[in-house]
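Spelled out, the chains give:
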Amino acid sequence: MKTECGSSCSTARFEVDSPSTMTGNGIALLYEITHALERYAESGEATAIDLQRVPLSDQESDWMAGMLGKGEINATLHSMGRTTIEETGTSGVWRIAHYDESEVLLGAFIEVTNCPELLCTPAEDIREGAERLKRRLKEISEEVKQ
Amino acid sequence: MSKDDSLVDVLQRSGVSRRGFLKFCALTASAMALSPAMVPRIAAALEQARRPSVIWMSFQECTGCTESLTRSHSATIENLIFNAISLDYHHTLQAASGEAAEAAREAAMEENWGKYLLVVDGSIPVGNPGFSTIAGISNKDMLLETARGAAAIVAVGTCSAYGGLPHAAPNPTGAVSVADLVTDKPIVNVPGCPPIPVVISGVLTHYLTFGEIPELDELGRPMAFYGQNIHDRCYRRPFYERGQFAETFDDEGAKKGWCLFKLGCKGPVTYNACATVKWNQGTSFPIESGHGCLGCSEPDFWDMGGFYEALSTPLPGFNEAIAYGTAAGAVAGLASGVLASRVKKRAKDQHQTVSVDDLEKGESS
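Chains as they are written, first to last, in our numbering: chain A, 1 to 146; chain B, 147 to 511.
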């Protein structure tokens, strides 16, 4: 962490040397993700990791993001604030970040799966969607008859 | 809003979609420190959950706990949780006071006898009942009367959990904790001065979701939040391992963010979630601001021997000890005896146990 203080700031510049910027949890997480990928490939069992439970320095988060790389899919869910769902460059590893309406980060997760559940349409919504569309078509056909 | 509404009803009326509900469940699992694998179970439980009646009592306290909770950061989520409980009595937050407020409490108790959740912040004076009263009723009488019909009690803050600041020596009011007076109800202690907001709401949500109290440690605290000590989850832990300590608050070590153990940090004996959940919208926690942990979620933290006293006598620089160790022969033998007894005495003063390792370290120096 490196926070610059202005000249009026009485506290000295807070600087941490490079080895200390790594808690060691980043690399452990990457191993956990590797094992989760292998498990998914073998048995189809998905894994979710709550990033809030693991202390990571800012540099370490950036380093991890670099290690996982950038993927092809980047989706945004708009419900109770924004949620970003993106696949990393490591296929099958997704990063999900939930924000509230005022853009405050509420939680961040890594999911190891072929498709996070949040991207899939809930079955009830599909049924409701079909009914709504059928109803609308019926209304239109009645309007045409008139 | 009816008491028979489930949380899902509340959510749907607020226009939350099914995906939004999944998001809510994922964040709820996170707030309760549960594994994300629990999300489907939480979703199923929340679909069934009915709004429980909550009675909140404040005794000898500073209102910091209520301040902490009402300023919890995720407005949306917390609002939804609070919409999902029926807060029937909270004399700091409610407009009514005196007899009208007490009538509301009695009505809520009668209507939900045996089912309501009682939340208490503040310690209870047993010295003189006049030290703290509400509508002329002593804190002790009100607690005992209200506890009788409660399904469970949540003691929020170190005062209600362990006596806290009012209990500090010489304890002029004879302050005691909830568990000192109520022994026949399940009690969850949520200590902290104040507790972390999401820890308070996490415990309430756990009760709301599963209808039971979470798994507790030997001090009555939820394992999910108080299962690990600050030191083990501290980002400065690597410095401790390397023996790099700040010696004063403005030395080179302090500027480099080294371990604050020698400046009195109580992280190694303090069990709480500050290092992972953090404070002020997840911004930081005390150690990140350059100050050691005060140990505020531990019993008698105020009397733990001084906020700036190191937990155990720092060994005179490991390297020096090695350099002089062989030369100092007989003298070292004598000195180590003194040091060992100092470690013991200090530990006694601070209510800690001394491990064999501590004493061996003392002997070897």
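What the hints contain is simulated information worked out from the structure, not anything from laboratory work. A portion of the hints provided could be inaccurate.
Simulated pairs of lysine to aspartate or glutamate, DMTMM-like, Cα-Cα distance not exceeding 25 Å [claimed, not checked]:
#: 1; chain 1: B; residue 1: 402; chain 2: A; residue 2: 58
#: 2; chain 1: B; residue 1: 424; chain 2: A; residue 2: 124
#: 3; chain 1: B; residue 1: 331; chain 2: B; residue 2: 455
#: 4; chain 1: B; residue 1: 402; chain 2: B; residue 2: 455
#: 5; chain 1: B; residue 1: 424; chain 2: A; residue 2: 32
#: 6; chain 1: B; residue 1: 424; chain 2: A; residue 2: 72
#: 7; chain 1: B; residue 1: 401; chain 2: A; residue 2: 58
Now the hints, each set against the structure:
no.	hint	in the structure
1	402/B x 58/A	holds, 16 Å
2	424/B x 124/A	violated, 38 Å
3	331/B x 455/B	violated, 38 Å
4	402/B x 455/B	holds, 21 Å
5	424/B x 32/A	holds, 24 Å
6	424/B x 72/A	violated, 33 Å
7	401/B x 58/A	holds, 18 Å
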